[in-house]
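S.K.: If you want the building blocks of each chain, they are given just below.
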Amino acid sequence: MKKAQMISRRDLLKNTVKGIAGLALPLAAFEIINPRSLFADKDDKSKVRWVFLVDTYKCVGCGLCVKACKIENETPYDANVTRTWVERYVITKDGKFHADSPKGARDGFTSSKIDLGMGKTEDIRKEDIEKAFFVPKLCNQCENPPCVQVCPVGATYQAPDGVVLVDRTWCIGCGYCIMGCPYGVRFFHPKYHTAEKCNFCYHRITKGLKTACVQACPFGARQIGNIKDPADPVTKIIMTERVGILKEEYGTKPQVFYIGLDKEVR
Amino acid sequence: MKNHVLRPLWVIAGMIALVLVVRYFYVPKDFGIHERGYMYGWHREGNIGDWKKVSVKYLGSEYCKDCHPDKYESIMTTPHAIIQCENCHGPATGHPTDPPKLVIDKSRGLCLRCHALLPYPTSGRANIRGFADPESHNPGLECVSCHNPHKPSLEGLK
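Just so you know, the sequences run in chain order A and B.
Take the first sequence: its position 62, counted from the start at 1, is 62 in my numbering, and no numbers get skipped.
Take the second sequence: its position 53, counted from the start at 1, is 53 in my numbering, and no numbers get skipped.
These aren't lab readings, by the way, just hints derived from the structure by calculation.
It is possible that some hints are incorrect.
[As the list claims (entries may be wrong)] Simulated pairs of lysine-lysine, PhoX-like, Cα-Cα distance not exceeding 25 Å:
1) B:Lys53 / A:Lys210
2) B:Lys53 / A:Lys207
3) B:Lys53 / A:Lys58
4) B:Lys57 / A:Lys210
5) A:Lys113 / A:Lys210
6) A:Lys58 / A:Lys191
7) B:Lys2 / A:Lys191
8) B:Lys151 / A:Lys103
9) B:Lys29 / A:Lys210
10) A:Lys47 / B:Lys52
11) A:Lys210 / B:Lys65
12) A:Lys191 / B:Lys106
13) A:Lys113 / B:Lys71
14) A:Lys210 / B:Lys2
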């Protein structure tokens, strides 16, 4: 046997260890989200980790949350940008899927006509509806926020309590974060020309108030809580009931939990 | 080493020094790596305080209760108790000093946010009494010209 083809015992052992290490790495990468790990992380200096809970069964699509958010956070009211919005999903019996969110549902949904954009609408008869529901959307305050990773200047960052904030004095308006967010929650502020996003009404939650959207919702479809507090009603629901998150395959670990998500919701 | 080699090196060294001096004065002292580490916590720490200072506009129905107890208590006995005062009356910040009077949204659109009937079986919307065709019911009139939003049952008709 030629010498070059032989493998020494030392090399065999080395390569075996390397191979096992290599296999174990992707397994760790497959762990997608576990609210319990955040809940249990008591060594963390911060005693607060803000999370959000949306019950899509309770949402009626009135859009009062969007109205309150725009006024509270001084997002120009008539500009077609908003920190939170409500989507309508209508699935008809022929298997077709319709979704819209005219003006982000600032004025609610007052007609059965689906907005197709460019001024066109499509009316769907009551008899054809198989399922239909509303889904409020807002920033997921991800545990691994991709928008923060791509910021080249350190203008957007995660506060110790998990909320992702934007420093308007430091943002250069490059728009990388707007492209980087898989949930499309970021936009340019029409007045400040910097990146803008939902920050769970940081000025309110840090004063012990609820966010403007939570307070404005008459039906309790939106709730905010601290997942590090085991007595928090939101924590209890997230730990003990069936909740879903959006686009978990991206590994961003979003912290907005949904009751009643459906496969059509994106 | 000869001068023609050293000279550009001095220029480069000068440029680096200039960048470092500008950086020293331009970058705020509290800018750096904070609690969430380099990847997520590289920022100006003072900005957290800036966001906390933003003024609160929606004060909640509890703020209205003490000066308007009659309105507060009457609506609390109706199905409209779940609606915050400010959803129709506008944010109360500064009131009653400035503004002394709030602008009430009396538009049909406000009522139709919930009361335009949308028969969506798995949404709470299907359970709200509403109009399948709101355009045919007294078009052009404000809902509040007949209905009392603080007493929405039909006995409350004006």
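S.K.: Take the hints in turn and mark each one as holding or not.
M.R.: Hints and how they fare:
1. At most 25 Å may separate the alpha-carbon atoms for a hinted pair to count; Lys53 of chain B and Lys210 of chain A meet this at roughly 16 Å.
2. Restraint check for Lys53 of chain B and Lys207 of chain A: the C-alpha separation of about 10 Å stays at or below 25 Å, so the hint holds.
3. The hinted pair formed by Lys53 of chain B and Lys58 of chain A fails the criterion: a straight-line CA distance of about 33 Å is larger than 25 Å.
4. Taking the CA atoms of Lys57 of chain B and Lys210 of chain A, the gap is about 12 Å. The hint holds against a cut of 25 Å.
5. For the proposed pair Lys113 of chain A and Lys210 of chain A, the alpha carbon gap of about 33 Å is over 25 Å, so the pair is violated.
6. Between Lys58 of chain A and Lys191 of chain A the alpha-carbon distance is near 34 Å, which puts this suggested pair outside the 25 Å criterion.
7. For the suggested pair Lys2 of chain B and Lys191 of chain A, the alpha carbons sit about 56 Å apart, so the restraint of at most 25 Å is broken.
8. For the suggested pair Lys151 of chain B and Lys103 of chain A, the alpha carbons sit about 31 Å apart, so the restraint of at most 25 Å is broken.
9. For the given pair, Lys29 of chain B sits about 33 Å from Lys210 of chain A by alpha-carbon distance, which is inconsistent with the 25 Å threshold.
10. In summary, the hint linking Lys47 of chain A to Lys52 of chain B is supported, as the alpha carbons are separated by about 17 Å, within the 25 Å threshold.
11. Taking the CA atoms of Lys210 of chain A and Lys65 of chain B, the gap is near 18 Å; set against the 25 Å cutoff, the hint holds.
12. For the hint linking Lys191 of chain A to Lys106 of chain B, the alpha-carbon distance of about 29 Å lies beyond 25 Å, and the restraint is violated.
13. Taken as a hint, the Lys113 of chain A and Lys71 of chain B pair is broken in the structure, with Cα atoms around 36 Å apart against an allowance of 25 Å.
14. As the CA atoms of Lys210 of chain A and Lys2 of chain B are separated by approximately 71 Å, the hinted pair breaks the 25 Å bound.
Checked against the numbered hints above, the structure breaks hints 3, 5, 6, 7, 8, 9, 12, 13 and 14 and satisfies the rest.
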